[in-house]
Amino acid sequence: MCNFTPVQIIADYILRFLKNNADAKLYEAMQRLENKIGQFVADGVDEHQLRSSLSKVSRSRSRATLKEECEQLIP
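Our numbering applies: residue 24 is where the sequence shown begins, and numbers increase by one.
Hints in this document: simulated from the structure, not taken from any laboratory.
Wrong hints could be hidden among the right ones.
[Claimed, not checked] Taking lysine-lysine and the BS3-like style, the derived pairs with C-alpha atoms no more than 30 Å apart in a straight line are: (1) Lys-42 - Lys-59; (2) Lys-48 - Lys-79; (3) Lys-59 - Lys-48; (4) Lys-48 - Lys-90; (5) Lys-79 - Lys-90.
Keep in mind the model is a prediction, meaning the values are calculated, not measured.
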């Protein structure tokens, strides 16, 4: 079984959300991103490290950019 980092799990989650919800708006994906970050922080993951790893994803200004940045985080 492969071990994935929280960053990879979040990136995969966002990519699946975008794929399964083609008409979803960018703000909806960003809300889901923030919710996932909150869940991982509640589970004990370092918030600063998580946010710095996802900084490019968080600064995305379009669905295409968001998708591209998430794809770069997954091996």
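Between Lys-59 and Lys-48, is the straight-line Cα distance small enough, at 30 Å or below?
17 Å, holds
Take the C-alpha atoms of Lys-79 and Lys-90, compute the straight-line distance between them, and say whether it is at most 30 Å.
11 Å, holds
Straight-line alpha-carbon gap Lys-42 to Lys-59, limit 30 Å
17 Å, holds
Between Lys-48 and Lys-90, does the CA-CA distance stay at or below 30 Å?
Distance of about 13 Å is within 30 Å: holds.
For a C-alpha distance cap of 30 Å, please report whether Lys-48 and Lys-79 respect it.
18 Å, holds
Violated hints for the displayed structure: none, as all numbered hints are satisfied.
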